[in-house]
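Visitor: What follows is the residue order along each chain.
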Amino acid sequence: MRPISVYVHVPFCTYKCGYCDFNAYAGLESLIPAYRDALVAEIGGYAEVLAGREIATVGFGGGTPSEMPPEGIAAVLDALRAAAPIAGGAEITLEANPGTLTGEHLAGLRSAGVTRLSLGAQSFDAGELRFLDRIHSPEATASALRLARGAGFESVNLDLMYGLPGQTLAAWEASLRAAIALEPDHLSCYCLTVEEGTPLARRVRAGTVATPDGDLAADTYDRAGELLADAGFAQYELSNWARPGHESRHNRVYWTWGEYLGIGAGAHGFVGGERSENIAHPRAYIEAAMRGMRGSAVLAAYTPDAAMMIDDYVSSCLRVTEGFALDAFAREFGGRLEAMAPRWLADCEAAGWLERADGRLRLTLRGRQLHSEVVVRLMGALGAV
Amino acid sequence: MDQSRIRNFCIIAHIDHGKSTLADRLLESTGTVSKREMAEQLLDSMDLEREKGITIKAAAARIAYHAPDGVEYEFNLIDTPGHVDFTYEVSRSLAACEGALLVVDASQGIEAQTLANVYLAMNQDLKLIPVLNKIDLPHAEPERVAAELERVIGFDRDEVIHASAKDGTGVPEILAAIAERIPPPKGKADEPLKALIFDSKYDAFKGVMAHVRVFEGRLGGRRSLTLMQVGSQFEPLEYGVFTPAMKALPSLECGEVGYVATGLKDVADCRVGDTITYLDEPAADPLPGYRQAKPMVFAGIYPTDSDQYQELREALAKLSLNDASLVYEPESSAALGFGFRCGFLGLLHLEIVGERLEREYNLSLLTTAPSVEYHVTVTNGEVVLVDNPADLPDPSRIEKIEEPWAKIDVITPSRYIGQVMELVTTRRGQFLRMEYLEPESELSPGEARVMLEYDVPMAEILVDFYDQLKGSTSGYASLDYHLTGYREAALVKVDVLVNSVPVDALSLITHTANAQREGRVLVSKLRELIPRQMFDVPIQAAVGGRIISRETIRAMRKNVLAKCYGGDITRKRKLLEKQAEGKKKMKRVGNVEIPQEAFMAVLKLREE
Chain P
1 MRPISVYVHV PFCTYKCGYC DFNAYAGLES LIPAYRDALV AEIGGYAEVL AGREIATVGF
61 GGGTPSEMPP EGIAAVLDAL RAAAPIAGGA EITLEANPGT LTGEHLAGLR SAGVTRLSLG
121 AQSFDAGELR FLDRIHSPEA TASALRLARG AGFESVNLDL MYGLPGQTLA AWEASLRAAI
181 ALEPDHLSCY CLTVEEGTPL ARRVRAGTVA TPDGDLAADT YDRAGELLAD AGFAQYELSN
241 WARPGHESRH NRVYWTWGEY LGIGAGAHGF VGGERSENIA HPRAYIEAAM RGMRGSAVLA
301 AYTPDAAMMI DDYVSSCLRV TEGFALDAFA REFGGRLEAM APRWLADCEA AGWLERADGR
361 LRLTLRGRQL HSEVVVRLMG ALGAV
Chain H
1001 MDQSRIRNFC IIAHIDHGKS TLADRLLEST GTVSKREMAE QLLDSMDLER EKGITIKAAA
1061 ARIAYHAPDG VEYEFNLIDT PGHVDFTYEV SRSLAACEGA LLVVDASQGI EAQTLANVYL
1121 AMNQDLKLIP VLNKIDLPHA EPERVAAELE RVIGFDRDEV IHASAKDGTG VPEILAAIAE
1181 RIPPPKGKAD EPLKALIFDS KYDAFKGVMA HVRVFEGRLG GRRSLTLMQV GSQFEPLEYG
1241 VFTPAMKALP SLECGEVGYV ATGLKDVADC RVGDTITYLD EPAADPLPGY RQAKPMVFAG
1301 IYPTDSDQYQ ELREALAKLS LNDASLVYEP ESSAALGFGF RCGFLGLLHL EIVGERLERE
1361 YNLSLLTTAP SVEYHVTVTN GEVVLVDNPA DLPDPSRIEK IEEPWAKIDV ITPSRYIGQV
1421 MELVTTRRGQ FLRMEYLEPE SELSPGEARV MLEYDVPMAE ILVDFYDQLK GSTSGYASLD
1481 YHLTGYREAA LVKVDVLVNS VPVDALSLIT HTANAQREGR VLVSKLRELI PRQMFDVPIQ
1541 AAVGGRIISR ETIRAMRKNV LAKCYGGDIT RKRKLLEKQA EGKKKMKRVG NVEIPQEAFM
1601 AVLKLREE
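Protein chains in written order, with our numbering: chain P, 1 to 385; chain H, 1001 to 1608.
Calculated directly from the structure, the hints in this document are not laboratory data.
Model, not experiment: these values are computed from the prediction.
Think of the CB as a built atom: it goes at the ideal place given N, C-alpha and C, for glycine as much as any other residue.
It cannot be assumed that every hint is accurate.
The following label-pair restraints were derived from C-beta to C-beta distances [said to hold, decoys possible]:
{"#": "1", "chain 1": "H", "residue 1": "Glu1597", "chain 2": "P", "residue 2": "Glu29", "range": "43 to 53 angstroms"}
{"#": "2", "chain 1": "H", "residue 1": "Glu1597", "chain 2": "P", "residue 2": "Gly166", "range": "22 to 32 angstroms"}
{"#": "3", "chain 1": "P", "residue 1": "Pro342", "chain 2": "H", "residue 2": "Lys1578", "range": "52 to 62 angstroms"}
{"#": "4", "chain 1": "P", "residue 1": "Gly27", "chain 2": "H", "residue 2": "Lys1470", "range": "47 to 57 angstroms"}
{"#": "5", "chain 1": "H", "residue 1": "Arg1359", "chain 2": "P", "residue 2": "Ile135", "range": "49 to 59 angstroms"}
{"#": "6", "chain 1": "H", "residue 1": "Arg1359", "chain 2": "P", "residue 2": "Thr211", "range": "28 to 38 angstroms"}
Stretch by stretch, here's where chain H covers chain P in the computed footprint (C-beta under 8 angstroms, at least three residues) [claimed, not checked]:
{"#": "7", "segment": "268–274"}
{"#": "8", "segment": "308–320"}
Here are some chain P residues the structure puts well away from chain H; computed CB gaps all over 12 angstroms [as the list claims (entries may be wrong)]:
{"#": "9", "residue": "Arg146"}
{"#": "10", "residue": "Ala171"}
{"#": "11", "residue": "Thr208"}
{"#": "12", "residue": "Gly352"}
{"#": "13", "residue": "Arg377"}
Produce the complete structure using the sequences and hints provided.
Guide: Written as structure tokens, this is what we have:
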């Protein structure tokens, strides 16, 4: 049996940031104990799915997983271990808000088995952090990272955001340099997306916040690549850079067609070719998950058709810099991509977005900023729309 | 009915001045249609209109009028199309009458199109009965408007009937005036048959239904009939009158109005203005005034989705069954694929046809910028008719180009004269004359209504002239236009090259003096409207191979979703599918994807 990964969603936040459209809620902290029990119950319901398999990686995302006390995290991991063995040296990664961490908390996470910490630094500019509604300061990030090291975390990531309205190239460089100076093992650089329905989108529409400049964001991304390469970080995914040996194995699962169970409110899973999505609201999720049956918290599940599957595969696998082996694609789908979409391939290669090397297809350096364009064109070529 | 008791009339009125309401009141108060039937009929016809896409509401109605002195009359009310595009049809409806009600809103005064129709009616010696409608409205100014009618048209003050079609005021007076003032039809029943076609509708069972007015002789029996202008022949299937629903009768007598079911399959064989006579005993001459309605405005109509080409072809065929003035022929464009070049009587006609095709036939269409028809004399002396800028011959082969000109009448309060002058001047218009419709001395400054006359190239008033006229006069101005003839002009074609490939559907014909500016504006509009592509795309405007403007759409740099959160591929795919849908709607020209709005950019050249 193939190993499986597990994503655990923790939807609580002290404050919901204006740009965020994830499944996250502020002010529901009182639900945390019941939510922990629901996670444990939901895992219990997947005993059959997990039986006989090995858990390769675990990722806690949110919301803010660090809003849940370490005992809660420990209880979830114990429930997983009770269902299936977690591989020796497996990556167990957890997202944390640098504004709320203490040494004690971090030690608790460490002893629960968490191996990797991802800190939502976002920026080292106090003004930018305020604009983003973040509750922490640049100093808090530095101190959280020191505490994490002290607690024994050997792999720590910092999340940064670029493409903010009014952000200059120089401001971005300053933030990035400050991040590098803290010597994290991994850096994720995400371009701010103005998501429909968020307070930020309303401010942009009202004209009180400028629409982010796409070309400047593209320059910013290019600059990030140069600075990070100089600092010894290798890019391995569209938004992710790591020192050797510190790539996130959990995140790689999503990008390499691996299987994962989605646990928690609004969590997504991909097991046996089926994609599933859990009930999003914590209260409704808790009620459903407590029934403890397999899939009792699932809101919707479907098995994508061939064209969707192919598109998802290419879309996911092109996110990693090494792309994917065209032979592996042919084995997975019983036909060669080169034959399915010859014009698409030729156009994207001619534009300098895609390249083939050693039997693999991957995005070029330029193509990395046009991933959606490449995938959208493939959808058209495959008649998926 | 004794011919001396027949009264044939129509109603001349501006849109919204109350024509339909007054017509309904006339039918109701004479008992032609009961109040209950009126409501039902309205509902029925609306349903049918929706189903069949044709206007069924009475085109004509026979009204039995019992005068207070006990005499009985037969009134025939003939409806007239209400828009400037259909001037010819209006003129034929007027020709079928001896008189007309001129209905003017007592708060608005007379409008330019109404005045144009009044002149048409006067030219045909129609007896006019002026009616001031809506006198019940608080802001009605019946005295002022009556004075205007007196001054502009020459009515006596005591001829004017004050009415409110809404509450029925003045309706008895109007009925009495029709009987007293409008003369009976002249013709002789023993002359060879002459019946004028003033409208026609297609019926799936009875073929073309010709709406007719019998001028000479009588129409009845099974004798074969012929149309004197077109030359087509037919066996009549049925005669009848409008009550306003169609009611079969054995014959139509001299002077009467009714219909003939012709069994003809094509409205083009039974055109408005033609004269019906007996095949075996024809009249010597047809009735005067016939002409074939000629399209003045041309545009390409293309299906957005090329799979809908056949459906569009069928829809046009069906629509033209009822619309002899709609002409179309297949056309192909390198940019837009297969579609049809269509000719229309005017812009409103174009709009109506486009809207009906989309709504009634569920099509998604792209209509190219409208064009007039140019007369192009080429070097060998031949004259080529060009109604699509893409078809203009190479400049080296052109001897001269002539373009159609129109005379326009604008009626506006005098305070807007400056704005109108400025607007018309920028459209290459030439001022002809100005006339005050009411004395300025008796009104507050700027309030007196004035009529301005200009000559303007048709092409200049095609696109947004009416909107701008309304805009610059706070909505007060009214407009009438008619084609006057062709004049030579210094015109050039501006070609647009997208990525060095000429895009036929984007070219335009314009005056040499405007080519530079319009080329520049067009190019910059296109740069805004065409999204960034895989590579840099130059957009150029050229006149005869010489580039007059150029801009570059830079290659796209960034289109990426930063994060695929917690393995949520579904959400990501939805975002991408939306993008892919948008892409699908674009037209691919060479390697460049052009959105539909870009093809409309030609219409927006005056915005800057």
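Visitor: Please go over all the hints and tell whether each is borne out by the structure.
Guide: Status of the hints after comparison with the structure:
Here the CB-CB span from H:Glu1597 to P:Glu29 is close to 49 angstroms, well matched to the stated 43 to 53 angstroms. Distance hint check: the CB atoms of H:Glu1597 and P:Gly166 are about 30 angstroms apart, consistent with the given range 22 to 32 angstroms. Range check, P:Pro342 to H:Lys1578: about 26 angstroms between beta-carbon atoms, so the 52 to 62 angstroms window is missed. The hinted window of 47 to 57 angstroms between P:Gly27 and H:Lys1470 holds, with their beta carbons roughly 54 angstroms apart.
A hinted range of 49 to 59 angstroms for the beta carbons of H:Arg1359 and P:Ile135 is consistent with their spacing of about 54 angstroms. With their beta carbons about 36 angstroms apart, H:Arg1359 and P:Thr211 fall inside the hinted range of 28 to 38 angstroms. Given as covered by chain H, the segment 268–274 of chain P passes the check, having 3 residues with a CB less than 8 angstroms from a CB of that chain where 3 are the minimum. Look at the segment 308–320 of chain P against chain H: 6 of its residues bring a Cβ nearer than 8 angstroms to a Cβ of that chain, three or more, so the hint holds.
Even its closest Cβ contact with chain H, about 27 angstroms, leaves P:Arg146 beyond 12 angstroms, as expected for a residue assigned away from the interface. Even its closest Cβ contact with chain H, about 18 angstroms, leaves P:Ala171 beyond 12 angstroms, as expected for a residue assigned away from the interface. Separation of P:Thr208 from chain H is adequate, the least Cβ-Cβ distance of about 23 angstroms exceeding the 12 angstroms criterion. Once the 12 angstroms rule is applied to beta carbons, P:Gly352 is inconsistent with being away from chain H; the minimum gap is 9 angstroms.
At the 12 angstroms boundary, the C-beta of P:Arg377 falls inside the reach of chain H, the nearest C-beta of that chain being 8 angstroms off.
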